[in-house]
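Novice: Residue numbers (the working numbering), protein chains in the order written: chain A, 7 to 139; chain B, 7 to 139.
There may be inaccurate statements among the hints.
Note that identical chains are pooled: a pair holds if it fits in a single copy or bridges any two copies.
Said to hold, decoys possible - As a list, the in silico DMTMM-like pairs of lysine to aspartate or glutamate whose alpha-carbon atoms are at most 25 Å apart:
hint: 1; residue 1: Lys-119; residue 2: Glu-43
hint: 2; residue 1: Lys-119; residue 2: Glu-130
hint: 3; residue 1: Lys-89; residue 2: Asp-79
hint: 4; residue 1: Lys-134; residue 2: Asp-28
hint: 5; residue 1: Lys-68; residue 2: Glu-112
hint: 6; residue 1: Lys-89; residue 2: Asp-139
Simulated from the structure, these hints should not be mistaken for laboratory data.
Protein chains: 2
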Amino acid sequence: MAGKKIRATDKHKPCVVNAGCDGYSLMGRIWVEGRAETFLGHGRVVLLERIKQYGSIAGAAKSLNMSYRHAWDLIASMNRQSKTPLVETAIGGRDGGGTKLTKKGERVFQSFKEFHRNFQLFLEGQSKILRFD
Amino acid sequence: MAGKKIRATDKHKPCVVNAGCDGYSLMGRIWVEGRAETFLGHGRVVLLERIKQYGSIAGAAKSLNMSYRHAWDLIASMNRQSKTPLVETAIGGRDGGGTKLTKKGERVFQSFKEFHRNFQLFLEGQSKILRFD
Numbered sequence: 007m008a009g010k011k012i013r014a015t016d017k018h019k020p021c022v023v024n025a026g027c028d029g030y031s032l033m034g035r036i037w038v039e040g041r042a043e044t045f046l047g048h049g050r051v052v053l054l055e056r057i058k059q060y061g062s063i064a065g066a067a068k069s070l071n072m073s074y075r076h077a078w079d080l081i082a083s084m085n086r087q088s089k090t091p092l093v094e095t096a097i098g099g100r101d102g103g104g105t106k107l108t109k110k111g112e113r114v115f116q117s118f119k120e121f122h123r124n125f126q127l128f129l130e131g132q133s134k135i136l137r138f139d
Numbered sequence: 007m008a009g010k011k012i013r014a015t016d017k018h019k020p021c022v023v024n025a026g027c028d029g030y031s032l033m034g035r036i037w038v039e040g041r042a043e044t045f046l047g048h049g050r051v052v053l054l055e056r057i058k059q060y061g062s063i064a065g066a067a068k069s070l071n072m073s074y075r076h077a078w079d080l081i082a083s084m085n086r087q088s089k090t091p092l093v094e095t096a097i098g099g100r101d102g103g104g105t106k107l108t109k110k111g112e113r114v115f116q117s118f119k120e121f122h123r124n125f126q127l128f129l130e131g132q133s134k135i136l137r138f139d
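With these hints in hand, go ahead and build the complete structure from the sequences.
Specialist: Put into structure tokens, the structure is as follows:
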């Protein structure tokens, strides 16, 4: 490759999408870039999913074997690139605080999931029309 | 990201395809994986293109600022993963030897170019239907 060497083991990473084709695999990655940095990618979207599931940054980070600090940095990066935040933390209150996706966060999360599903379908479609054997 | 951090500067690399979307850019990379290693990717396909253009591995490698050894390794990797070679070198003869793509090499080269064009169209299509703002 022009830059980094892509190792065969990459095919087992969940961030890589693939479809079989003539004994080969059509592979790809997708992400969304903001003006100066990544806005959304597989790792960030899984983090959003875990925040929905665990209701806290600490729980989400722990479930991904990620440091709290790294999770917090990723969330801060997404929030500052968006007109309104994707993730919000309530302090105290009857529910004891907790972190959740805003309406905007949920919408962006679903858009990325759709992008990912469509990409999988794209690769499957391409595997039927392209010949590499 | 789960693995490597994708830097904003990646968007300027020719191996990354992108399409604008709500002030964000939908980004992606594609490649073709064999059973144990990469079969085709942007760098390999540009190398095939330069071999067509220069008629020699040395000329192709030089034009890409790549060592002869690295170019040779990439060609050997593609050839050994294919039932018949993609690149062949004639020794001597009236034309003084030279390296060129075989019929199979040309076909595989064109398939990847089509994959790449279709991926660009896919991203452009997605940028019209997905909302990230």
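Novice: Each hint should be assessed against the structure and marked as holding or not.
Specialist: Status of the hints after comparison with the structure:
1. Lys-119 <-> Glu-43: The answer is within: 20 Å in one copy meets 25 Å, while 28 Å across copies does not.
2. Lys-119 <-> Glu-130: both (17 Å within a copy, 17 Å between copies)
3. Lys-89 <-> Asp-79: within (17 Å within a copy, 48 Å between copies)
4. Lys-134 <-> Asp-28: within (9 Å within a copy, 32 Å between copies)
5. Lys-68 <-> Glu-112: Within one copy only: 21 Å inside, 49 Å across.
6. Lys-89 <-> Asp-139: between (48 Å within a copy, 7 Å between copies)
Against the hints set out earlier in the document, no violation occurs for any number.
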